[in-house]
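There are 2 protein chains.
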Amino acid sequence: MSVLIVGSTALDSIKTATKENPKLLGGSASHAAVAASFFAPVNMVGAVGHDFPKKYIQLYRKHGINLDGLQSLDGTTFHWSGEYAADMNHRRTLSTELGVFEGFTPHLPDSYRDSEFVLLANIAPSIQMHVLEQVKNPKFVVADTMDLWLNIALPDLLRLLKRVDAFVLNDSEARQLTDERNMVVALKKIHRLGPKYVIIKKGEHGSILSGPDGLFLAPAVPIQKVVDPTGAGDSFVGGLLGYLATQNGQIEKNLRKAVVVGSVVASFCCEGFGLSRTTKTTRVMIDDRCKLVERLTKF
Amino acid sequence: MSVLIVGSTALDSIKTATKENPKLLGGSASHAAVAASFFAPVNMVGAVGHDFPKKYIQLYRKHGINLDGLQSLDGTTFHWSGEYAADMNHRRTLSTELGVFEGFTPHLPDSYRDSEFVLLANIAPSIQMHVLEQVKNPKFVVADTMDLWLNIALPDLLRLLKRVDAFVLNDSEARQLTDERNMVVALKKIHRLGPKYVIIKKGEHGSILSGPDGLFLAPAVPIQKVVDPTGAGDSFVGGLLGYLATQNGQIEKNLRKAVVVGSVVASFCCEGFGLSRTTKTTRVMIDDRCKLVERLTKF
Numbered sequence: 000m001s002v003l004i005v006g007s008t009a010l011d012s013i014k015t016a017t018k019e020n021p022k023l024l025g026g027s028a029s030h031a032a033v034a035a036s037f038f039a040p041v042n043m044v045g046a047v048g049h050d051f052p053k054k055y056i057q058l059y060r061k062h063g064i065n066l067d068g069l070q071s072l073d074g075t076t077f078h079w080s081g082e083y084a085a086d087m088n089h090r091r092t093l094s095t096e097l098g099v100f101e102g103f104t105p106h107l108p109d110s111y112r113d114s115e116f117v118l119l120a121n122i123a124p125s126i127q128m129h130v131l132e133q134v135k136n137p138k139f140v141v142a143d144t145m146d147l148w149l150n151i152a153l154p155d156l157l158r159l160l161k162r163v164d165a166f167v168l169n170d171s172e173a174r175q176l177t178d179e180r181n182m183v184v185a186l187k188k189i190h191r192l193g194p195k196y197v198i199i200k201k202g203e204h205g206s207i208l209s210g211p212d213g214l215f216l217a218p219a220v221p222i223q224k225v226v227d228p229t230g231a232g233d234s235f236v237g238g239l240l241g242y243l244a245t246q247n248g249q250i251e252k253n254l255r256k257a258v259v260v261g262s263v264v265a266s267f268c269c270e271g272f273g274l275s276r277t278t279k280t281t282r283v284m285i286d287d288r289c290k291l292v293e294r295l296t297k298f
Numbered sequence: 000m001s002v003l004i005v006g007s008t009a010l011d012s013i014k015t016a017t018k019e020n021p022k023l024l025g026g027s028a029s030h031a032a033v034a035a036s037f038f039a040p041v042n043m044v045g046a047v048g049h050d051f052p053k054k055y056i057q058l059y060r061k062h063g064i065n066l067d068g069l070q071s072l073d074g075t076t077f078h079w080s081g082e083y084a085a086d087m088n089h090r091r092t093l094s095t096e097l098g099v100f101e102g103f104t105p106h107l108p109d110s111y112r113d114s115e116f117v118l119l120a121n122i123a124p125s126i127q128m129h130v131l132e133q134v135k136n137p138k139f140v141v142a143d144t145m146d147l148w149l150n151i152a153l154p155d156l157l158r159l160l161k162r163v164d165a166f167v168l169n170d171s172e173a174r175q176l177t178d179e180r181n182m183v184v185a186l187k188k189i190h191r192l193g194p195k196y197v198i199i200k201k202g203e204h205g206s207i208l209s210g211p212d213g214l215f216l217a218p219a220v221p222i223q224k225v226v227d228p229t230g231a232g233d234s235f236v237g238g239l240l241g242y243l244a245t246q247n248g249q250i251e252k253n254l255r256k257a258v259v260v261g262s263v264v265a266s267f268c269c270e271g272f273g274l275s276r277t278t279k280t281t282r283v284m285i286d287d288r289c290k291l292v293e294r295l296t297k298f
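Same order as they appear, the protein sequences are chains A and B. Using numbering that gives the first Met the number 0, the first residue of the first sequence is number 0, and each one after it goes up by one. Using numbering that gives the first Met the number 0, the first residue of the second sequence is number 0, and each one after it goes up by one.
Honestly, the hints are just simulated from the structure, not real lab data. One or more hints might be untrue.
[Said to hold, decoys possible] To spell it out: a stretch of chain B is covered by chain A in this simulated footprint if at least three of its residues, at any positions, have a beta carbon under 8 Å from a beta carbon of chain A; those stretches are:
no., stretch
1, 9-18
2, 42-51
3, 137-150
4, 169-182
5, 222-230
[To be verified] Derived contacts from chain A toward chain B, CB cut-off under 8 Å, selection only:
no., residue
6, Lys54
7, Gln57
8, Lys256
Even for Gly, the Cβ is constructed at its ideal location relative to N, Cα and C.
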């Protein structure tokens, strides 16, 4: 079963204490699509400008990503530039140039409209909604977000939340959205906004899945060197939904493993700049790390 | 198999955003001893002053704690006073009056010297060492600590670490001790200081056990209302060693479950001021919550 993914397709310039990397392939849709591609065929929705390097188009194609929904527009590609502190835990945005995403309203190719698994990766909630409305009969819809949309587009986001099956956000966003520090209480408040499933990402501390079957506590894969966490959250949801789309049986039955798969793909993402490590990952490597998570948590 | 526990026996005055509680029963030995008492007979080592309430002695006795090693000394009981921020995640010490712990050098009763399981709960490393040296042939020794000793008694602590089987500390202490943010790397550095097993406590984010069998990632039990986290770490090590002392077979085999048991007892501790909730807990409640942790982590 293929996965429809909408999100940003971007160039990321990432500065760390030791290295500067200009114009890497980035954006939530790029990370999520590559992550999902290990499991399912991906139909990507996004927009790039005239400056988008051909090699990045080739990279998408190498991962079998369907680009019928990737629009080439007049103007420049979305460009994000950020800097990480030495502890890799805090980052600040140096600049954001929306470029072709300014006023972008994606029109879905007909072949995308029958998609059953839909990932509304991090992008303006109005664009997420616009895409969702063009899908005929989705079976499972996941939305991701970021603090920016809580700040400047909360009404749009709240409207969207009534339409999605699962909502993914990180712990600081959950605190911001609910004004509640305790995650057990915050989860209950977020369910009341609509989503049947809520997943809170806690970075190196793992994630919490909440649904009708209660909570599932997933660890993050312990890694020795975090090179660049940019895109880890996008890889998480991409891997999660890519895996889910290919499993038989009820969603409930597969969602816990899907969260572990997402964490594993995210761990690979953190081990290299941009998509450099993720694109060198294989399905076998992912399966091995899932088995590792089993060994790390059994008692 | 009984457990020898040395640590502070104190009166804690705890202030939160909503409540003030003067002179509750506190101290690392008190919390650890009550936690361990759900599993094993406890031999406690500590010191109290003339102002130590009789009802607290009765509480110890109610939990079957052997007080032959609890000295009643001239002077006042160790008194700690602290205040928690509204988020319950940050606390500041308002005052510390050592009282009878000033210059305390515990002399072990003969009946304690054959102890096989020894918990050096949080107290000055010189006192921990002094107790350990009086134990004839310990089978498993766990040491806990706090940032204060890293600041003012690091040489003593480093000497102690060469003599213990397991060392327990929290993540910020691990960072301070190793000057390393990444916990995987920090763990390796701490092993090099001596302990075969290292356990890093991460509060609401659970704990990491590191040993010859690799890592074990244990979640914290999600609780809706943290009333007072004072003593949670002490309850963790107390529950852990109490459980371990009563299990057959190799330490390695039982240590993961022991970490879960410790987390569970710590979660009860957080649900009430001082020892108020822990003392109302039963073995059945602990077992139930251990089963909950299994359900929360299975995939």
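Hint status (Cβ of glutamine 57 of chain A to nearest Cβ of chain B, threshold 8 Å): violated (34 Å)
With a Cβ-Cβ cutoff of 8 Å, does the stretch 169-182 of chain B contain at least three residues near chain A? holds (count 3)
Examine the stretch 222-230 of chain B: at least three residues should have C-beta closer than 8 Å to a C-beta of chain A. This one holds; 4 residues, not fewer than the three required, reach chain A with a Cβ under 8 Å.
Three residues or more, CB to CB closer than 8 Å: is that satisfied between the stretch 137-150 of chain B and chain A? Not satisfied, violated; 0 residues make the cut.
Examine the stretch 42-51 of chain B: at least three residues should have C-beta closer than 8 Å to a C-beta of chain A. Check failed, 0 qualifying residues.
Double-check lysine 54 of chain A for me: the hint is only fine if its C-beta lies closer than 8 Å to a C-beta in chain B. Not OK, violated: lysine 54 of chain A not within 8 Å of chain B, min 32 Å.
Three or more residues of the stretch 9-18 of chain B near chain A by CB distance under 8 Å? Not satisfied, violated; 0 residues make the cut.
Are lysine 256 of chain A and chain B close enough, Cβ to Cβ, to be under 8 Å, as the hint says? holds (5 Å)
Violated hints, in rising order: 1, 2, 3, 6, 7; the structure is consistent with all others.
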